[in-house]
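Undergrad: Assemble the dimeric complex from its two separately framed chains, guided by the hints.
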Amino acid sequence: MKKLSAAVLGTTFLFAASLSAAQADTITVAVAANFTKAAEQIGQAWAKETGNKVRFSFGPTGGLFAQINNGAPFDVFLAADTRRPELLVKAGKATDKFVYAQGTIALYSKTLPVTANHASILKAADFAHLAIANPKSAPYGAAAVAVMQKIGVYPNLQKQKKIVDGESISATFQFVMTGNAQLGFVALSQLVDPASPAKNIGQYWVPPQNDYPPIEQAAVMIKDTKHAATARSFLTYLRSPAATKIIQGYGYAIPKNANTDS
Amino acid sequence: MQIFGSPLDVDPILLTLEVASISTVILLLIGTPIAWWLAHMRSRVRIFFEALVSLPLVLPPTVLGFYLIIALNPNGEITQFLRHFGFEGQLTFNKTGLIIGSVIYSLPFTVQPIMAAFEALPGQVVDAARTLRASFFDRFFTVIVPLARQGFIVGAVLTFAHTVGEFGVVLMVGGNIEGQTRTVSIAIFDHVESYEYAAAHSLSLLMLLFSMLVLMLVYALNRSLQIRQD
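Protein chains in written order, with the working numbering: chain A, 1 to 262; chain B, 1 to 230.
It cannot be assumed that every hint is accurate.
[Unchecked claim] Pair by pair, the computed Cβ-Cβ distance ranges are:
{"#": "1", "chain 1": "B", "residue 1": "Leu213", "chain 2": "A", "residue 2": "Lys199", "range": "35 to 43 Å"}
{"#": "2", "chain 1": "B", "residue 1": "Ser211", "chain 2": "A", "residue 2": "Asp211", "range": "42 to 50 Å"}
{"#": "3", "chain 1": "B", "residue 1": "Phe87", "chain 2": "A", "residue 2": "Phe127", "range": "52 to 60 Å"}
{"#": "4", "chain 1": "B", "residue 1": "Leu14", "chain 2": "A", "residue 2": "Asp126", "range": "29 to 37 Å"}
{"#": "5", "chain 1": "A", "residue 1": "Asn134", "chain 2": "B", "residue 2": "Leu14", "range": "50 to 58 Å"}
Just so you know, these hints were derived from the structure itself, not from any lab.
Just so it is clear, CB atoms sit at the ideal spot from N, CA and C, and this is done for glycine as well.
The shape of chain B in the complex, shown without the other chains (with noise of 0.2 Å):
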């Protein structure tokens, strides 16, 4: 496939959208428990809490991940508690490294639509829920999943998103590594360093597009789900 005349980097773009997949999966698995405690916090703490998930909205990404090389290191304790378990790979500068790194940078992107939907539940369904004796894990994935199920479909196109256009976290915790871990938005500023315009132009283009459509399915989605609800 060609664009502006230069082929397109196959090997970033599958790259990326794996680490993307499994970091929104993984995202959804922690971030949903994260929501649904903040969601129900109710001492003053939880605004220690909510900043603490909101962090790396405000955090630069390098800064970011430099801190996690620090931390993930080889020789660190992270990785050396992990020993004891059996591990012996690295945290950092592979596929783990960029999933980690994914997984934090884009934190607050899951979180916070999901506890924002948990929030508006009504709660005279939940409570009904329980005066029939249903189990917390029934009224969990009966009514409170399907209730809430806009603010799940948000946060995991916002996560998956954010996760592909991500560079400074990925460009440190991965080491651009031709092949291995060069992710989209690395092989850009790859060719921008090479003066290969076409080929940046090319990959900038199929991310804005990309973005763009992601953007409108999440507005789009909103706006019916809404309708819905009505």
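Here chain A stands alone, though its shape is the one from the complex (with noise of 0.2 Å):
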């Protein structure tokens, strides 16, 4: 117990100079679905370096930014998007806007060999449906559209009806993952994951980083915070080299502007 206490009084101790709040604080954060795993792992590490405390709230974009709009108690909120967030800096609810993590979309099958054959597979169209995401509300669904536009195959794709659309990219991905879609366009983080089923298992393609608009992921700081710098604290530890490495590990990239952009 005593050498506990000694670790803790000296992890404070070498913290205490960065941090305005020296005391062992607890800052509640939203955190977008997609981005669950990387966000424990995140805090983790964050809480084991600072001694303060982080709980997450995982759910869907939108869902999330109803709950801060509606006074939903959190500190910081990690989105899938951009527009959400800066939607709450313009009402006044929300400060400190930065993009955490970016996107990056794959072509995922366990049967089809996509890797080489991409082209001439979804010009085939010789499978019953392609998963996407819902491209009204999900950037990656956006960003698929936009991919197949570029190959020129998406309007024969949707009169021969064979997209179907997922409520979420997790929806997306369990569709192809359970074989009930023949492949789709998933995140590429859902395959890379150490932990994925996917791990190992089908082929994917990475198409090219401007075929699609940026899948932009933007972090905030919500006004209303009691514990504003400890919430600042977890801010600026997701653009720490460490978490960085987290982040890309998940398979997101890092944009450049992300350091400098405010």
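TA: Laid out in structure tokens, this is it:
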């Protein structure tokens, strides 16, 4: 017990210089469901470094946005897009917006050789269903449509009613993973996650980043927070090399301007 | 305790059982008068109120949850009204929110079986009690409740089970806050999102066994009561 408190004391002392709040504090962070795993790992690392605690609330970005607008006690919001954080900043409900991760799209199939033959497979349309996230609500869905338009297969696939919409990128991944759709545009992060059921099963193709609008995920601090110093410390940590490494490990890119934009 | 090699989440289980128990008690208290009132309503407006009580059966839970967080938000009229009586807390994103959401969402599961039991009461017995000049409360608790017990038991069990299994409403009204409003069904959602399938399976298995047990209990009670009445 003595050893433990000595260790805690030591860590607290080390970081007291960088933190205005030396006392242990707990913040609540709302996180878009697709970032669940990475957030948990970053939260653990941050908690270990600072002695503070983080509680997560995972949900769909639209749902979390509605909750924040209706008084949810969140201190930080890690969204799956930039639109919702921007709306909150405009409404005076959030501040300190920056892009913490950029999503990469991938065409994934358990059975079809999409890595080499993605174009011919999409053109032949010799499959029952291709899954994408709902392009109206999910940035990954809009990206999938852009990629298909670039290859020139979108009108035909749509006319043949081959495209099925998942309500989120998670649902889209489940459609393909369970074999209900033969292929689909999912998030690269869903394929490279060490615990992913897609690891080492099937094939994927990563379209050029320039073929679709960037899938940027923005973070904000909620203005009403009673833990502003601790929330800022978490957001600062989110941009640190340690956190960046975790984010990249889950298949996200870090935008170049992420550390200057504010 | 471990199932499928992963530790069981105890916090969500305890929270879920607590919310379901409190909601069931509240629903029995407010559902009984509603059921009585509906069962004895003779006018045509009855079909309107019957439909109103059944609405949570058809409304998508996330939609219901969305309107609840708007209606109950800290700056909303309902919360402001309660402030006049010294209420200082919040109606959403805590246990209170979970209970309010559950009570609304499970209302038809309490009202419908109890109402059916009230309607099936043998008229002569209730009338006989009245001719013996028993007061309404006396009649209600010594004659009507024992005769309608089947409806009460089925209503309570279904309400409890339905509250345990809900997802959309509690995700919205509760906010899925770790250790505070994360119920079992939401914990399963979180595990699936992070590919922790073993943990998701163990919680789901537990829920499946629990639901099966509850439903078997309802059917067993239904049968034994029917046999006794025959």
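Undergrad: Now tell me, hint by hint, if it's right for this structure.
TA: Hint check results:
no. : hint                              : verdict
1   : B/Leu213 <-> A/Lys199: 35 to 43 Å : holds, 36 Å
2   : B/Ser211 <-> A/Asp211: 42 to 50 Å : holds, 47 Å
3   : B/Phe87 <-> A/Phe127: 52 to 60 Å  : holds, 57 Å
4   : B/Leu14 <-> A/Asp126: 29 to 37 Å  : violated, 52 Å
5   : A/Asn134 <-> B/Leu14: 50 to 58 Å  : violated, 36 Å
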